[in-house]
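The listed protein sequences derive, respectively, from chains X and G. Its first residue numbered 2, the first sequence is counted upward by one per residue in the numbering used here. Its first residue numbered 146, the second sequence is counted upward by one per residue in the numbering used here.
Just so you know, the hints here were simulated from the structure itself, not pulled from any lab data. Certain hints may be false.
Straight-line distance between alpha carbons at most 16 Å, and here's what the computed EDC-like set of lysine to aspartate or glutamate pairs gives [to be verified]:
no., chain 1, residue 1, chain 2, residue 2
1, G, 195, X, 251
2, X, 31, X, 229
3, X, 133, X, 147
4, G, 195, X, 229
Since this is a predicted model, take the numbers as computed values, not measurements.
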Amino acid sequence: MGTFSFGSLLRNAMAGHKDWPRQWRAPDPKPAYDAIIVGAGGHGLATAYYLAKEHGVRNVAVLEKGWLGGGNTGRNTTIIRSNYLWEESEALYDHAVKLWEGLSHELNYNVMYSPRGVLMLAHNIHDIQVFKRHVHANRLAGIDNEWLTAEQAKEFCPPLNIAPGMRYPVLGAALRRRGGVARYDAVAWGYARAADRLGVDIIQNCEVKGIRRDANGAVTGVETTRGDIATKKIGVVAAGHTSVVMSMADVRMPLESFPLQALVSEPVKPVMPCVVMSNTIHAYISQSDKGELVIGAGTDQYISYSQTGGLHITTHTLDAICELFPMFRRMRMLRNWGGIVDVTPDRSPIIGKTPVPGLFVNCGWGTGGFKATPGSGHVFAATIARDEPHPIAAPFTMERFVTGRLIDEAAAAAVAH
Amino acid sequence: MLLIDCPYCGPRPEIEFRYGGEAHLARPHDPSTLSDEEWASFLYRRSNPKGRFAERWRHVHGCGQFFNAIRDTVSDKFACTYKTGDAPPDGVAP
Ligand SMILES: Cc1cc2nc3c(=O)[nH]c(=O)nc-3n(C[C@H](O)[C@H](O)[C@H](O)COP(=O)(O)OP(=O)(O)OC[C@H]3O[C@@H](n4cnc5c(N)ncnc54)[C@H](O)[C@@H]3O)c2cc1C
Ligand SMILES: [Zn+2]
Numbered sequence: 002m003g004t005f006s007f008g009s010l011l012r013n014a015m016a017g018h019k020d021w022p023r024q025w026r027a028p029d030p031k032p033a034y035d036a037i038i039v040g041a042g043g044h045g046l047a048t049a050y051y052l053a054k055e056h057g058v059r060n061v062a063v064l065e066k067g068w069l070g071g072g073n074t075g076r077n078t079t080i081i082r083s084n085y086l087w088e089e090s091e092a093l094y095d096h097a098v099k100l101w102e103g104l105s106h107e108l109n110y111n112v113m114y115s116p117r118g119v120l121m122l123a124h125n126i127h128d129i130q131v132f133k134r135h136v137h138a139n140r141l142a143g144i145d146n147e148w149l150t151a152e153q154a155k156e157f158c159p160p161l162n163i164a165p166g167m168r169y170p171v172l173g174a175a176l177r178r179r180g181g182v183a184r185y186d187a188v189a190w191g192y193a194r195a196a197d198r199l200g201v202d203i204i205q206n207c208e209v210k211g212i213r214r215d216a217n218g219a220v221t222g223v224e225t226t227r228g229d230i231a232t233k234k235i236g237v238v239a240a241g242h243t244s245v246v247m248s249m250a251d252v253r254m255p256l257e258s259f260p261l262q263a264l265v266s267e268p269v270k271p272v273m274p275c276v277v278m279s280n281t282i283h284a285y286i287s288q289s290d291k292g293e294l295v296i297g298a299g300t301d302q303y304i305s306y307s308q309t310g311g312l313h314i315t316t317h318t319l320d321a322i323c324e325l326f327p328m329f330r331r332m333r334m335l336r337n338w339g340g341i342v343d344v345t346p347d348r349s350p351i352i353g354k355t356p357v358p359g360l361f362v363n364c365g366w367g368t369g370g371f372k373a374t375p376g377s378g379h380v381f382a383a384t385i386a387r388d389e390p391h392p393i394a395a396p397f398t399m400e401r402f403v404t405g406r407l408i409d410e411a412a413a414a415a416v417a418h
Numbered sequence: 146m147l148l149i150d151c152p153y154c155g156p157r158p159e160i161e162f163r164y165g166g167e168a169h170l171a172r173p174h175d176p177s178t179l180s181d182e183e184w185a186s187f188l189y190r191r192s193n194p195k196g197r198f199a200e201r202w203r204h205v206h207g208c209g210q211f212f213n214a215i216r217d218t219v220s221d222k223f224a225c226t227y228k229t230g231d232a233p234p235d236g237v238a239p
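If we strip away everything but chain G, and leave its shape as in the complex, we get (with noise of 0.2 Å):
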């Protein structure tokens, strides 16, 4: 199980967390505009890497908040967590 280090609470264990896929997909400013190629990427399309991956959780059995994290998903392990909105800290990026 992962140990997940929300930016509000502190490590808890992932039990305690609901997964929100990748990060960083803004929603479009003015959606009627978007051709359909365009919505499929936005809706479907994922990076789903090997090794460093931007990626969002929930803490729904906590605070409730959505953060954002860097993880190995080779390893698992977690390089950082950060709230939304944030940058990644610098060197962590994918």
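Excised from the complex, chain X in its bound form (with noise of 0.2 Å):
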């Protein structure tokens, strides 16, 4: 498959595009694996990724039931930090910004990681006391964070408006210097190509319909569309369908999913320096290095698997972005999606394993896990392949709605891209 480098690059280049070798292979699924890690996207291939390179466990598959990198992580406004509040959720997010950092030469894959600074704003005295609670919880983490008054906020973001007389004025914001973008596509093929390369086999168009279990109710392998699989370990990392492929091991899980909606605009020269967030109008917006603005809504507020939501949803977060940017007021915007979120009650993700003994889940990261796409994909291997939570997923447990323990991130912000 080869190395990328710039000599590769010339030589393909000098060749006319025509010989590239393709990314990863298409195998056909074997009848047993090691490991299975149900869903294709950032998450269960960052999982194959790591159990393959740091645990050696190799023999590994990725059943997807689309195309990889096909779900929400190739549906996400990609917004990358770690300033959450409680010290388990900077231990986990951080632990993936650091990974960011290093991901592009790790994987010999350029995942445009760009830490250009994400900006929150606050826009009434409840956010400005919730944010600088924040502030003050990452800088004693470590994490850095900073508040800035509406003024120094415009300074950093030249197109913010912070007129006096604006519906929801902007009052401050918090800056998180090294929170950033990075390209979504890129993160799921670097991490099929790498995981590939190590032997890992990546099944597409293949579907879990149902989870084999032996008289002791321990895994014992998966019913797919392509056939019967068998293995002892089964991760399932299947986002907004996790209750369904969790019903099939009788699993009831703390999970709600709804749709979340994506916009993109037209594309044109850069106008955006950073990222900037608004939890309580609901707008999120940065500039892809294509030029078109980037703009993430508000979850719909019924459960769903429509892969859609209602027209108002948008046009209430387009709403805010014109106000918040009149300049951008004029621009057409060309696409609209959805992508299926699964949400926990305490906003937090579940991470770990399940009374189902040989049965491992990684779920409930909602509106906001592409920015934990490698830490996750790299605790949870260490989970899988030790059969115990890795120290930063330990608190991420299930156990925690029975003991009351939460990690409440949901008194923050309904949403947390």
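Quick one: dock chain against chain with the hints and give me the complex.
Right under this line is the structure:
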């Protein structure tokens, strides 16, 4: 398959780019694997990669009902940050940010990680109090996050409107300088290629329809649209479909699945220097390297697997964008889509073992799991390989809903891109 | 946007309503006897199905009443709405 380098680029340029090899194989499923990952999104592919790379578990299959990266990984607005409130979350998300920094080298694939700064706007007294509390909590944990006045925010992001007469005036902002964006396709493809090179079978168009178990309840394999496959370890990383897959093993999850929408504009020259997010009025915006404005909206209020959402949700977000950035009012939007996000009661993910022996789950990332992709795969692989939670993942078990030790990131915002 | 048939007021746009999540989760009669495990099920675990689903809505910007609905979570189409306390009509229950 070859390694990407300046030399390979030059050679292929001379050959008219006609000789680039396939980036990963398209294998048929084998009868049995040491571990099976359900879902080839970023998190599932990263899990398989770290299983093979760090734990020597190479006889692994990743089963995907559609095409790899076609779930939320390929539908998200790619905001990366780690300024969460609680120590458990700070450790988890910052673990991911540290991995992002070296990821292109690690995978030999340019994931276009761009830490251009994430500005979170405060529009009312509650926002100011919550964000300042976050800033202090983060600084105690050694995570950069600083408080800016409205004028300083405008200096950092000149297109921002801070006029006092706005419906939701900008009263200040929290700035996370190490936050930013990455290219979602490249993340899925980079992990897929790197995992494939280590021997992992990525099997697309293969939907898991059932989970087989022995007399003691332990898993023995999966039933799929491409036949039955035996295994003793299954890692479910199915995002919005987690409840559906887990019900195949009679596990009822503390999850609800909602549509979350995003849209992009026509491409223009560079105008947005950073990422701006407003949880209060549900507007998230950055500019892609192609020049499109990438805009995230809020979730619909009802459970749905439709992968579309109500139009009033996106128009509400566009109202907010137009007020925050009056210069974008005449821009045309080109595409609008939805993804199905799996939301937990405390807005923190679930990573770990389940009551079923051999069955592991990594889910509940809801509206904000892209940022965690490398860290999530890394700690989940360790959990599967050692059959005990990785220390960073330990607080995120399902048992927290029984013991009451919730990690309540919902207190700050219902949406956490 | 969904068009929701309030059993008290008739069809109205979704923005007049607030979602109430899964229906028919009865609050335990004697909470003090519940184990932590049972509490977790009542408070947090949900069926979250792909397909027919019984859910609660509240007509907050109308009559203010809670009611139930059966909706398909893939097509988002409602099979019916019915009053709280009633059983779903025959043949549409999930
Ligand atoms: C519009 C939108 C905007 C977002 N914005 C952000 C953001 O700015 N920042 C951020 O950090 N996060 C964001 N997120 C959240 C983020 O996208 C997700 O948390 C993350 O991508 C989840 O990754 P994943 O690999 O777990 O899921 P996915 O990429 O959804 O992968 C799960 C895969 O499982 C497969 N699958 C499901 N059932 C089966 C089955 N039975 N058999 C086989 N395969 C199956 C699916 O087809 C899918 O490919 C956003 C999400 C959306 C929808
Ligand atoms: Zn009514």
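Evaluation of the provided hints:
Under the criterion of a C-alpha separation no larger than 16 Å, the hint pairing residue 195 of chain G with residue 251 of chain X is consistent with the structure, at around 15 Å. For the given pair, residue 31 of chain X sits about 9 Å from residue 229 of chain X by alpha-carbon distance, which is consistent with the 16 Å threshold. Distance hint between residue 133 of chain X and residue 147 of chain X is fulfilled; the C-alpha atoms sit about 8 Å from each other, no more than 16 Å. The straight-line distance between the Cα atoms of residue 195 of chain G and residue 229 of chain X is roughly 23 Å, outside the 16 Å bound, and the hint therefore fails.
Against the hints set out earlier in the document, a violation occurs for number 4 only.
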